[in-house]
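Here the protein sequences come in this chain order: A and B.
Residues 0 to 308, numbered by numbering that gives the first Met the number 0, are exactly what the first sequence covers, in order.
Residues 0 to 522, numbered by numbering that gives the first Met the number 0, are exactly what the second sequence covers, in order.
Bear in mind the hints are in silico, worked out from the structure with no lab data behind them.
The beta carbon of each residue, even a glycine, is placed where N, CA and C say it ideally should be.
Using C-beta positions, here's what the derived DEER-type ranges look like: (1) D146/A to R251/B: 37 to 45 Å; (2) S36/A to L74/B: 51 to 59 Å; (3) V189/A to S177/B: 27 to 35 Å; (4) K156/A to T42/B: 21 to 29 Å; (5) T141/B to R134/A: 32 to 40 Å; (6) G155/A to G226/B: 44 to 52 Å; (7) G149/A to A140/B: 53 to 61 Å.
Just a sample of chain A residues kept apart from chain B, beta carbon distances all over 10 Å, derived: (8) R38; (9) T40; (10) D44; (11) G81; (12) T92; (13) R154; (14) G155; (15) G163; (16) L191; (17) Q218; (18) G252; (19) G271; (20) E274; (21) P283.
The residues making up each chain are set out below.
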Amino acid sequence: MSRPRPLPPSSAAPSAAPSPIPSSSAPTVSVSGVTLSFRNTRALDDVSIRFGEGITGLLGPNGAGKTTLLRILATAITPDSGALTVLGHDPRTVQGRHEIRRRLGYLPQNPGFHPRFTAFEFVDYVAILKEMTDRQARHQEVRRVLDTVGLGDRRGKRISSLSGGMRQRVGLAAALVGDPLFIVLDEPTVGLDPEQRLRFRELVAETAEGRTVLLSTHQTEDVAMLCRRVAVLDQGRVRFTGTPAELAAVAEGRVWSSTERDAGARAGWRTGTGEFRNIGDPPPGAQVCAPTLEDGYLLALGDTSGVAG
Amino acid sequence: MTAPSGASKEAARARVPAGDRRAVLALARFEGLRLLRHPLVLTAFALCVVWMARPGATTWRSHPPLQDMDRDHQLPLVLVGFAVLIAVNLAATRARRHGTDAILDALVLPPWQRTVAHLLSLLPLWLVGAVMVAAQFGWMATRPEAVGRGDIAELATGPTSVLLLGVVGVLLARLTASAVVAPLTVLALLTSMFVLAAGDSGVAWLYPTVHQSPSGVPTDLLDRPAGWHLLYLLGMTTLLGAVATAVAGGRRRTARGTAVAALTCVLAGALFQSAWPSGALARERQQATERPAEVQRCQRLGTTEYCLFPEFGVWVDDWDRVVREVRALTPKDVAASPITVRQRVNAVDAGSTGSDGAIPFATPSEGPTGSAWSVPVGTLWGSGTEDLALAAATAYRLVTGEAPQPGTPVMCDSRGVLTLWLAVRATSEADLNSLLDGQFSGGGVPISLLGEAQLDAGWVVLREHELAVVQALLDRPRGDVDRRVREEWSALTAPGTSSLRAAELLGVTAPAVTGDDGEWNCR
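Please build the complete structure, drawing on both the sequences and the hints.
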């Protein structure tokens with residue numbers, strides 16, 4: 000195995016200034032120089048990012064700071080420093096936090112459920128906490144979102160009797176209830192089988208219409224399928240922002256195949272055909288392949304030792 | 000960015016601007032309904048209903064003394080309160096136990112408002128408790144034989160106890176997410192309640208309910224500090240609620256102001272309730288106990304004069320029915336002799352325990368001057384034993400010319416047989432079985448002077464031998480025995496006539512006196 004080489008500066012886009020992500024409208028979320036430390040660990044380091052309507056993917060390895068950033072945007076925690084606005088409000092103020100929460104749908108990484116609640120009760124409970132006080136209208140809304148996530152016929156079932164995929168849909172319904180403008184989804188497809196993931200993607204794609212969705216994930220496939228924009232976070236810093244195509248383009252000309260693992264490659268693995276797929280700076284005359292989003296993501300991370308094979 | 004999708008106009012309608020307070024109320028309603036449906040709470044309420052409706056619950060169901068019945072519900076509702084403490088604690092710790100606080104942290108209602116909602120969710124339980132109390136008490140109060148007056152503060156104490164214990168559950172939830180703490184707290188409260196609240200110290204009044212007052216004391220002589228105690232409970236409820244809200248991050252100034260006001264109520268309530276009973280009340284109680292004639296009114300029915308505490312007037316007809324039944328079994332001259340039936344109560348020891356509680360029937364103003372002896376009757380009626388006691392006391396008076404005295408006199412002769420026979424005949428003969436249930440280990444049978452509920456008034460005792468004669472008489476035709484009683488009255492009531500001779504006069508064979516019977520110290 001070869002020693003990984005440092006990522007060239009051109010392959011990622013870390014920036015101190017907010018980097019606008021292409022959007023069809025004004026940015027919904029603007030983060031500038033946000034820093035947050037937990038004791039001696041710097042979870043976010045001078046993070047700046049802006050995005051607007053549509054689905055924005057947030058890629059990064061474990062411990063990259065994705066969940067921390069999402070929790071800040073969901074107003075659950077406050078950064079040590081930096082400026083940010085969500086839907087035009089500052090979450091560091093009580094009033095701003097209040098206004099954001101009124102328009103927010105948040106599905107945390109491990110949401111937890113009350114097992115003795117039915118799906119309807121759980122979403123109804125969340126709806127109340129979102130200040131939906133008209134009982135009749137609230138119940139109609141709860142039925143609507145449960146229908147949307149395909150649980151209309153299971154709304155009376157206790158959550159303890161639902162499968163993992165169904166629970167995740169209950170969580171999505173709870174996030175969607177109240178028709179939020181900004182939806183934060185933290186690794187929503189973890190633990191789902193391929194069919195459930197596909198169904199979940201459909202749901203997210205449908206619900207993103209007219210809203211701003213921030214989707215944190217390990218799955219580059221999810222980003223490729225769903226997102227108009229993507230940001231890569233690693234070690235608390237933004238490594239890339241752009242479209243999925245632009246992220247894949249980071250690897251343009253830097254993926255090649257060979258019959259043996261190339262010692263100069265930053266990462267390489269044997270594919271199903273028996274050939275090696277190498278990522279890095281190709282040697283002269285190498286058989287260059289079409290890059291994927293995952294190739295671009297791996298190069299954007301700057302440290303691929305974990306995938307070297 | 001676009002406007003909210005038209006797909007959810009309902010959502011926009013459901014979300015009311017500046018709806019914090021209404022959202023808290025909506026959450027309180029949601030949690031309240033869940034609390035009401037909680038198995039623990041349902042079970043506790045069901046047990047409470049069973050308790051209230053149990054056959055012996057209101058021993059004097061047919062003749063309820065309202066000044067006692069107004070607190071009959073308090074203990075069972077405290078048990079409901081313990082169930083509510085656990086259930087609301089589970090609800091308030093739910094998010095942390097199930098890991099949903101990650102979701103809740105990003106929702107509009109902050110923890111302190113959710114805490115307020117949990118506190119408000121207890122109000123439906125208070126209401127259910129209040130309805131149960133009102134139904135039970137209302138049913139009793141509408142009975143024609145009801146006496147005395149209920150106290151609205153006593154009636155509110157039970158439901159308020161439910162509220163207070165529920166607030167304790169919410170406060171515990173704010174202090175720790177452990178689901179074990181609430182049951183342990185219930186155990187500790189339950190234990191301390193039965194240990195400390197059962198005593199006669201002022202500490203007892205620091206607990207939600209206080210049971211130290213005996214039954215049957217006339218309303219004006221009871222005069223429990225129920226109003227102060229209710230103020231104490233409400234203050235404590237508000238104080239703990241304010242602390243819970245503050246711990247959850249509530250507005251400190253509001254919480255502090257509320258807590259100070261509540262603490263004032265707690266202190267005022269605790270202070271005034273501990274000063275009970277006042278010196279004036281103690282004097283009135285002593286007077287009613289030792290010199291009841293000074294505060295009673297009398298009314299004459301035939302040759303019987305009934306002297307009673309004014310609020311018990313509706314029972315005179317019931318007493319007179321028993322007295323007439325006894326008189327009817329005696330010779331005409333005896334039946335026509337004047338007697339006084341006087342209501343007795345031990346109000347001196349009301350509010351305390353540990354006294355021997357014997358009611359001083361013989362007082363200086365009512366010394367043993369022949370007919371001046373009055374027949375005692377208690378301040379409770381309707382359990383089934385009081386009429387036997389009155390019949391026995393009346394029979395004793397007609398047979399001996401005296402009234403029974405506390406100090407357990409043992410009747411070992413013909414007069415014992417006759418007294419018991421008249422008492423049993425004048426009431427339900429089935430009551431003989433209840434007498435047998437209370438038989439002493441040495442074979443004696445006690446007849447409480449004022450009924451089983453006022454045992455501290457003392458009793459007269461019959462030996463097993465006299466009881467055996469009466470049992471033998473019950474196998475004989477009633478008319479034949481009644482005729483012999485009238486014919487042999489002089490012999491049967493003469494001092495020194497033995498039980499064996501009485502049996503002979505009445506036409507039955509008496510069993511031999513046993514060794515146990517011989518050991519009694521006869522009067």
